[in-house]
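When you get a sec, could you build the whole thing from the sequences and use the hints?
For the record, the sequence lines run as chains A and B. Per the working numbering, the first sequence starts with residue 9, numbered consecutively. Per the working numbering, the second sequence starts with residue 9, numbered consecutively.
Just so you know, these hints were derived from the structure itself, not from any lab. Computed from a predicted model, the values in this text were never measured in an experiment. One thing to keep in mind: the hints can contain errors.
[To be verified] Some chain A residues near chain B, calculated using beta-carbon distances under 7 Å: (1) 162; (2) 179; (3) 207; (4) 219; (5) 231; (6) 238; (7) 248.
[Stated by the list, open to error] Covered stretches of chain A (chain B as the covering partner; in silico rule of three or more C-beta atoms under 8 Å from a C-beta of chain B): (8) 65–74; (9) 185–196; (10) 240–246; (11) 249–257.
[Stated by the list, open to error] From the derived model, a few chain B residues whose C-beta atoms are all more than 10 Å from chain A: (12) 141; (13) 195; (14) 239.
All C-beta atoms in this analysis are idealised placements derived from N, C-alpha and C, irrespective of residue type, glycine included.
Protein chains: 2
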Amino acid sequence: MTYCVGILTEAGLVMIADTRTNAGLDNIATFRKLHIFREPGRKLFALATAGNLGFTQSVISILREGLERADGRKETLLDQASMFEAAQFVGEVIRHVHRVDGAAIEQYGSSVEVSMLLGGQIAGQSLRLFMLYRAGNFIEATPDTPYLQIGEHKYGKPILDRAVTHRSELYDVLKLGLISMDSTMRSNLGVGLPIDILVLRRDALVPEVEHRIDAGEPYFHDLRERWSAALRKAHNDIPPPPYGPNAKP
Amino acid sequence: MTYCVGILTEAGLVMIADTRTNAGLDNIATFRKLHIFREPGRKLFALATAGNLGFTQSVISILREGLERADGRKETLLDQASMFEAAQFVGEVIRHVHRVDGAAIEQYGSSVEVSMLLGGQIAGQSLRLFMLYRAGNFIEATPDTPYLQIGEHKYGKPILDRAVTHRSELYDVLKLGLISMDSTMRSNLGVGLPIDILVLRRDALVPEVEHRIDAGEPYFHDLRERWSAALRKAHNDIPPPPYGPNAKP
Numbered sequence: 009m010t011y012c013v014g015i016l017t018e019a020g021l022v023m024i025a026d027t028r029t030n031a032g033l034d035n036i037a038t039f040r041k042l043h044i045f046r047e048p049g050r051k052l053f054a055l056a057t058a059g060n061l062g063f064t065q066s067v068i069s070i071l072r073e074g075l076e077r078a079d080g081r082k083e084t085l086l087d088q089a090s091m092f093e094a095a096q097f098v099g100e101v102i103r104h105v106h107r108v109d110g111a112a113i114e115q116y117g118s119s120v121e122v123s124m125l126l127g128g129q130i131a132g133q134s135l136r137l138f139m140l141y142r143a144g145n146f147i148e149a150t151p152d153t154p155y156l157q158i159g160e161h162k163y164g165k166p167i168l169d170r171a172v173t174h175r176s177e178l179y180d181v182l183k184l185g186l187i188s189m190d191s192t193m194r195s196n197l198g199v200g201l202p203i204d205i206l207v208l209r210r211d212a213l214v215p216e217v218e219h220r221i222d223a224g225e226p227y228f229h230d231l232r233e234r235w236s237a238a239l240r241k242a243h244n245d246i247p248p249p250p251y252g253p254n255a256k257p
Numbered sequence: 009m010t011y012c013v014g015i016l017t018e019a020g021l022v023m024i025a026d027t028r029t030n031a032g033l034d035n036i037a038t039f040r041k042l043h044i045f046r047e048p049g050r051k052l053f054a055l056a057t058a059g060n061l062g063f064t065q066s067v068i069s070i071l072r073e074g075l076e077r078a079d080g081r082k083e084t085l086l087d088q089a090s091m092f093e094a095a096q097f098v099g100e101v102i103r104h105v106h107r108v109d110g111a112a113i114e115q116y117g118s119s120v121e122v123s124m125l126l127g128g129q130i131a132g133q134s135l136r137l138f139m140l141y142r143a144g145n146f147i148e149a150t151p152d153t154p155y156l157q158i159g160e161h162k163y164g165k166p167i168l169d170r171a172v173t174h175r176s177e178l179y180d181v182l183k184l185g186l187i188s189m190d191s192t193m194r195s196n197l198g199v200g201l202p203i204d205i206l207v208l209r210r211d212a213l214v215p216e217v218e219h220r221i222d223a224g225e226p227y228f229h230d231l232r233e234r235w236s237a238a239l240r241k242a243h244n245d246i247p248p249p250p251y252g253p254n255a256k257p
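Here's what the structure looks like:
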């Protein structure tokens, strides 16, 4: 499994991805799912991937090495001139890999279900965040719905629904994303540490934070403990339901 | 959609079910999904259902009216002599409805995906809780895993994973179940009020609470408000992540 979330606010973009992959429960490994493509000061793209690992790695390789055009030229993700064209290009590469490998993968019973988050900015243009589906089509985050998730998204969604807005402070958004990741990790063993995080302030064009949270990191450990303690206190503080022996006269 | 949860603890059994059904988003209605079968003081069975409504209503009708045997005798759920036999009988009726209606339902593209929770007790025997799958097979709650869910289970699972134990007090369990229902209702419009609740104390054989929570009920409204406020406070109280401008020197 996988859990990745991207959150686009007024102040910037936060992307968070776990690193656990599994082919069955008896074959668990760590692979990076958050990939950065950069021309410092000019372009920064961050791509988070979920789904069949061979498929998504092929997509990443082609985005870096280039998709061959009819004239022999190789076109890369960094060649794209706008975020929208970048999202279209990732979609095109997804379709390309599907054409090349899809039938053979499915013939042996594996799934070619993939999804991706593409966030980033090109100098002089807007910071944007997209979610791509297996068909290569995509949607875009907006102020009304500032976050997009791929993979095992349900466990970590309630906290985002409650707390994240387009106006949220950037490190508050990072914190909420980490709480969302914690909820997911607790309920699905297929999502696990380390966690890769990216904080990209609007118009900065270089990451403000690009960091891997490993198992021993005190902040994340403390966040998990505090969140658990606060939830315990929160439900203890709610009065007992007024039914049965607690019924009000 | 549907969300139902059953929680079996040392003290007793709590079952909670929403009532929203939908055939598409443009056809939403209210139907009871928590059904009680009783012989007061002798037997009490509670059955919560998820899945194709026609299918689950057929199962409920046959459990009440009886499944015809080779000798013409009609056997009902209340005829069963143990909770295990009751679970087997529900499974048998699920298979029966599948044989009668399954092919025709699937022919028109509908799903016969169903699942059920069966909880209850027979005088002189143990209080037990089962979850039945569409194949009519089932698993049973144990002290290690005291709760079982059907339907849209993921949004409401984290709070149960964190807080419910076999030793939890019965009305604390009910409260946690209602918080779990609240989280689900916030993230999935297909799950909605009213909510049916049942509290059955071990060896009581009659419900201690059998109640429908309607939209205007102050306690549930207050629980939702308090839980939201506590979550806001909880994440506000966690220090900002120590990265970027917040990095410790």
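Would the hint on residue 238 (chain A) stand, with a C-beta cut-off of 7 Å toward chain B? holds (3 Å)
Using the nearest Cβ pair, does residue 219 (chain A) come within less than 7 Å of chain B? Holds, about 6 Å.
Counting residues of the region 249–257 of chain A with a beta carbon closer than 8 Å to any beta carbon of chain B, are there 3 or more? holds (count 6)
Residue 162 (chain A) as chain B interface residue, shortest Cβ-Cβ below 7 Å: Because about 4 Å separates residue 162 (chain A) from the closest Cβ in chain B, which is inside the 7 Å limit, the hint holds.
Minimum Cβ distance from residue 231 (chain A) to chain B below 7 Å? holds (6 Å)
Hey, does the residue 248 (chain A) contact hint survive, CB to chain B under 7 Å? This interface hint holds because 5 Å falls under the 7 Å limit.
Residue 195 (chain B) and chain A, when compared Cβ to Cβ, separated by more than 10 Å: Label violated. Min Cβ-Cβ 5 Å, cutoff 10 Å.
Taking 8 Å as the C-beta cutoff, is the stated coverage of the region 185–196 of chain A by chain B satisfied by three or more residues? It holds: at least three residues are needed, and the region 185–196 of chain A offers 5 whose Cβ sits within less than 8 Å of chain B.
Residue 179 (chain A) as an interface hint toward chain B, with CB separation required under 7 Å: holds (5 Å)
Verify this for me: three or more residues of the region 240–246 of chain A with a beta carbon less than 8 Å from a beta carbon of chain B. n = 6 at 8 Å, threshold three: holds.
Would you check whether the claim that residue 239 (chain B) is not at the interface survives, using Cβ distances to chain A and the 10 Å cut-off? Label violated. Min Cβ-Cβ 6 Å, cutoff 10 Å.
Does residue 141 (chain B) really sit off the interface, with its C-beta more than 10 Å from all C-beta atoms of chain A? holds (20 Å)
Figure legend: structure checked against the earlier numbered hints; hints not met, in rising order: 8, 13, 14.
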